[in-house]
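So the protein lines, in turn, are chains A and B. If you're matching positions, the first sequence starts at 1 in our numbering and goes up one per residue. If you're matching positions, the second sequence starts at 1 in our numbering and goes up one per residue.
Please keep in mind that the hints were generated in silico from the structure rather than gathered at the bench. If you're wondering where the values come from, they're calculated on a predicted model, not measured in any experiment. Just so you know, even glycine gets a beta-carbon here, dropped at the ideal spot from N, CA and C. Treat the hints loosely; a few may be bogus.
[To be verified] Here are the simulated distance ranges between beta carbons:
(1) 68(B) / 743(A): 44 to 52 angstroms
(2) 324(A) / 111(B): 51 to 59 angstroms
(3) 547(A) / 148(B): 52 to 60 angstroms
(4) 103(B) / 484(A): 17 to 25 angstroms
(5) 319(A) / 68(B): 33 to 41 angstroms
(6) 485(A) / 83(B): 28 to 36 angstroms
(7) 41(B) / 544(A): 18 to 26 angstroms
(8) 148(B) / 463(A): 18 to 26 angstroms
[Said to hold, decoys possible] Below, computed lysine-lysine pairings styled on BS3-like, alpha-carbon distance capped at 27 angstroms:
(9) 392(A) / 346(A)
(10) 577(A) / 543(A)
(11) 286(A) / 149(A)
(12) 346(A) / 137(B)
(13) 149(A) / 577(A)
(14) 167(A) / 157(A)
(15) 463(A) / 137(B)
(16) 605(A) / 438(A)
(17) 93(B) / 543(A)
(18) 149(A) / 167(A)
(19) 577(A) / 605(A)
(20) 93(B) / 438(A)
So you can see what is in the structure, the chains are spelled out below.
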Amino acid sequence: MGSNMAEAHPVGFQWVMEAKARGAEVIHIDPRFTRTSAMADLHVPLRAGTDIAFLGGVINHILQNDLDFREYVRAYTNAPYLVDERFQDTEDLDGLFSGYDPETASYDNTTWRYESQTDTGEGGSRAKEQSRPDQLGSGGPGLEGGARKIAADPELKHPRCVFQILKRHFARYTPEAVEEICGVPAETFLRVCRAWTANSGRERTAALVYSVGWTQHTLGAQYIRAGSIIQLLLGNIGRPGGGVFALRGHASIQGSTDIPTLFNLLPGYLPMPDTAHEDLPSYLHKVRGDRQKGFWRNADAYLVSLLKEYWGEAAAPENDFRFDYLPRINGDHGTYRTVLDMLDGKVFGYFLLGQNPAVGSAHGRLQRLAMSNLDWLVVRDLAMIESAEFWKDSPEIETGEIVPERCRTEVFFFPAASHVEKAGTFTQTQRMLQWRDKAVEPRGDQRSELWFIYHLGRLLREKLSGSADERDRPLLDLAWDYELEGDEPSAEDVLRRINGIDLRTGREVGGYLDLRADGTTACGCWIYSGVFADGVNQAARRKPHDEQGPYENEWGWTWPLNRRVLYNRASADLDGKPWSERKALVWWDAERGEWTGHDVPDFEKNKPPHYRPGDDDVGPAALSGDDPFIMQADGKGWLFAPNGIVDGPLPTHYEPHESPVRNQLYAQQGNPARNVYGRAENPSNPSPPERGGEVFPYVFTTARLTEHHTAGGMSRQLPYLSELQPELFMEVSPRLAAERGLTHLGWAHVITSRTAVDARVFVTDRMRPLRIEGREVHQVWMPYHWGHTGLVDGDVVNDLIGVVLDPNVFIQESKVATCDVRPGRRPRGPALLDYVAGYRKRAGVTPETGTRIDTVTRHDIAHREEDR
Amino acid sequence: MGLADWIRSWPVYRQVTGRDRTGRGRAAQSGRSAALTPRTTGADRVVGSVCPFCAVGCAQHVYVRDERVVQIEGNPGSPISRGRLCPKGSASKQLVTGPQRAERVLYRPPYGTEWQELDLGTAMDMVADRVLDARRKGWQDADEDGNPLRRTMGFASLGGATLDNEENYLIKKLFTALGAIQIENQARI
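Kindly generate the complete structure, drawing on both the sequences and the hints.
Set out below in structure tokens:
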């Protein structure tokens, strides 16, 4: 779901085809019939933005018909735990959970906790402002008391146990409701339910694959929660052939999340400190708690080792290892907030390192106008891209909004070295690090980012040397002494230090279990610890797949500790035996007293399955022999999230920010905690209950093509790829073409309240109108790779999209919006601005449109930018 | 060439008499195509690499001759890709050797209408000065309640998903030491 795997990840898709050839049933649930649908046994089209209604229907089907894998659910998930008696569900509050504050559009989640839990949770507007859930990429959220006995009903009958709450919450997600909301006939929906449940359980497993078709929504994190709940109920997590697979779209986007270039994270999903973290002890208390289970308990060793890698000798026990050198966050500093701040003149300089936001980010117009208001911009890329040339070639030049002679931004373009001109690791989508050797030297001024950043740091340190200013100490004390190969820093030395060094011996540590909180180890990213075990670059291993076992553990290196399947303790039953022989992965070898199997066990090697911790144990020691989810504070898979998600403990169907219909399940229309940025430059199309939505009657969605790559900087410049996909186009159904007078291969343009873009029309049955609320709803699809630099050009499709975000992770809703479509080219020059303004006027769009988030209790609160 | 050899070299003759009855293989081969050799045969070395496009992580063999990339192919040993590459991966030789590759630093002064060339060292020095200036202008010691912030809001960075782990590591480390926090990449998008 939410993935066109055959198109966007074609080589990975060979394994789906391999499974199909061996008898697996492949189901593709997606708004449009695609290359993936063509290879599937069943394609189920649904309205973009309604996946939770569909998935909630599947959950309801499982629970109403007792189709869950009961032994697994009872033992390995939090289904038996009792929730606070003050908790109120969306069933009670017409689409809101208890704790909602309309003023800040955020939740106080105190009432979502377990009955026996003692702390106050981490909700509220502060958690939302910092995208707190995004900081939980490795361990689970805090749950003080998770190591203690949690009140539970093993029979799953208590009305306040998670299992019963789940059952009540999803009871209204009936096949009829799915049909009404998603446009999927009940019989088709039930066929999916039957296939999913019949292929799950003790003997069988089912895998779930998603991509940005799930993440780029105002409730994207909850889409994935919904999929995870199904997979937990059916026993499909931690088992071979099961799982929830995120197919990521860039060579090292997983790596740039693990070793984050992200505002709210430090390496290994350690949160960036905020103003509430006065010192190291208060930070650690917040991060790992005092009475929690699991390996987050050792976060002190992970953080202190990072500080030792950052500041070397200067980081010592008596100065809290220079914890005070870390800058503090205190709100939303995400990329969209930053771009709005550029527009307001609060940001002076901007580095773009292999990224092209003028095409690739939502609301390209906003991106370009923001860049035209900077002091300086540095762009590093393989070839010239739109973001470096906004001042001379962009739609705003055409409209007269940017005039080169009046644009003050100083722009530096640095040519970058390519993947064959530098050594280093990418982390691919299943957490595997693969090393690349350097094939040739880069030419001319081409340099790697490693070179650029290293030498920029060197220059800055030289310029500030001798400074007495206290603010310069973190830079001057920085351990910036990587080995050099010529004037290029050694990537292998950087990887060694990411792996971690035992400072007493100077040798590489073997894994994160070796890290210490006393300053005797340095480690750049604790989850990558082990990638240089035994002094060997494990990521460079290339033993051919036909010369090793089925899990190919000697090709590359997968974090953590080369485990290929996370939480694989769950592949064995409570006694440590595989649930079934055909689904054996790891198991307990009683004779040798250790876990063993085909994969590296994701569990303490010598902890027996019937081990029970003492009353006062915490951290890893508090994990029972049947707690497979070793990073979670209670060792269990979470059907219900008592902490860590800012927009509700359970997924709930809300309409997209821009939708043609009213939410049919609740009075609450959209995600009540979504991030809106209401201002004139970022208008929204109206959605019910607001009036004016009929001006933008169609559902709009975008996606990738095989032959191009993201914002096009690596594909629109290449003759082969440009020839294969030479021109921007839109796909519309024959009925929509008739309704709007569009001709196949002719021109048409799509309009939102942001702008209009034009493209060739592709009239095709791949787009199928859906029946929603008794009327026909049309969807329009476009690929988004085009811009005005390169061998082929076309309008920037992301210019159509506004900025509105998922509150958990601050990802924009670019997979669904509303639009109008008209035949012919769009107006050119300043006429374009008037044309779009005319649409806004007809629809009654103001900066407040779409910002009245609460549609249950307080209809009158508009969340405008100016009010911040 | 004698008459018999000439007749035997004729594709139709070869198609009728040989095994390639459909004429799509050896029968259609000309003398020129018979003499062709793959670009890979003359390589000085083969270097192990990974495709730079999506996140599947298909393994590549990079063929190098005279310090130039002459071909990039899939590595059949990979358990991920088994030697296959998609159209983008197959085009990666064009990606790294094509004429679109920029080789020189370019500079656009404020209010400028065209690019200018700039020496790499000068450009690095200018960028360093601008970083210090923006850092100073956007510096915040503490919030209104006196809580330490020790940061700058003066400059931001976007990018990393196409870069190496080692590069992301240095980016985060350097910018954090400078007090910059608006460090983001495609994973947010």
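Tested hints:
1. Between residue 68(B) and residue 743(A) the Cβ separation comes to about 48 angstroms, which falls inside the hinted range of 44 to 52 angstroms.
2. Between residue 324(A) and residue 111(B) the CB atoms are about 42 angstroms apart, so this pair departs from the stated range of 51 to 59 angstroms.
3. A C-beta distance of roughly 55 angstroms is found between residue 547(A) and residue 148(B), which places it inside the suggested range of 52 to 60 angstroms.
4. The beta-carbon spacing between residue 103(B) and residue 484(A), approximately 23 angstroms, falls within the hinted interval of 17 to 25 angstroms.
5. As the Cβ distance of residue 319(A) to residue 68(B) is approximately 52 angstroms, the hint placing it in 33 to 41 angstroms is violated.
6. For residue 485(A) paired with residue 83(B), a C-beta distance near 30 angstroms keeps the hint of 28 to 36 angstroms intact.
7. A hinted range of 18 to 26 angstroms holds for the C-beta pair residue 41(B) and residue 544(A), which are about 21 angstroms apart.
8. For the hinted restraint 18 to 26 angstroms between residue 148(B) and residue 463(A), the CB-CB distance of approximately 25 angstroms keeps it satisfied.
9. Only pairs whose Cα atoms come within 27 angstroms are accepted, and residue 392(A) paired with residue 346(A) is accepted, the gap being roughly 24 angstroms.
10. Between residue 577(A) and residue 543(A) the CA atoms are separated by roughly 30 angstroms; this puts the pair beyond 27 angstroms, and the hint is violated.
11. At roughly 21 angstroms between alpha-carbon atoms, residue 286(A) and residue 149(A) fall within 27 angstroms of each other, so this suggested pair holds.
12. Straight-line distance between C-alpha atoms of residue 346(A) and residue 137(B) comes to about 9 angstroms, which keeps the hinted pair within the 27 angstroms bound.
13. A C-alpha spacing of about 25 angstroms is found between residue 149(A) and residue 577(A), which places the hinted pair at or below 27 angstroms, so the restraint holds.
14. Simply put, residue 167(A) and residue 157(A) have alpha-carbon atoms about 11 angstroms apart, close enough for the 27 angstroms limit, and the pair holds.
15. For the given pair, residue 463(A) sits about 17 angstroms from residue 137(B) by alpha-carbon distance, which is consistent with the 27 angstroms threshold.
16. Simply put, residue 605(A) and residue 438(A) have alpha-carbon atoms about 38 angstroms apart, too far for the 27 angstroms limit, and the pair is violated.
17. Straight-line distance between C-alpha atoms of residue 93(B) and residue 543(A) comes to about 25 angstroms, which keeps the hinted pair within the 27 angstroms bound.
18. Of the pairs offered as hints, the one joining residue 149(A) and residue 167(A) holds, with about 24 angstroms between alpha carbons and a cut-off of 27 angstroms not exceeded.
19. For the hint linking residue 577(A) to residue 605(A), the alpha-carbon distance of about 15 angstroms falls within 27 angstroms, and the restraint holds.
20. In summary, the hint linking residue 93(B) to residue 438(A) is supported, as the alpha carbons are separated by about 15 angstroms, within the 27 angstroms threshold.
Checked against the numbered hints listed earlier, the structure breaks hints 2, 5, 10, 16; every other hint is satisfied.
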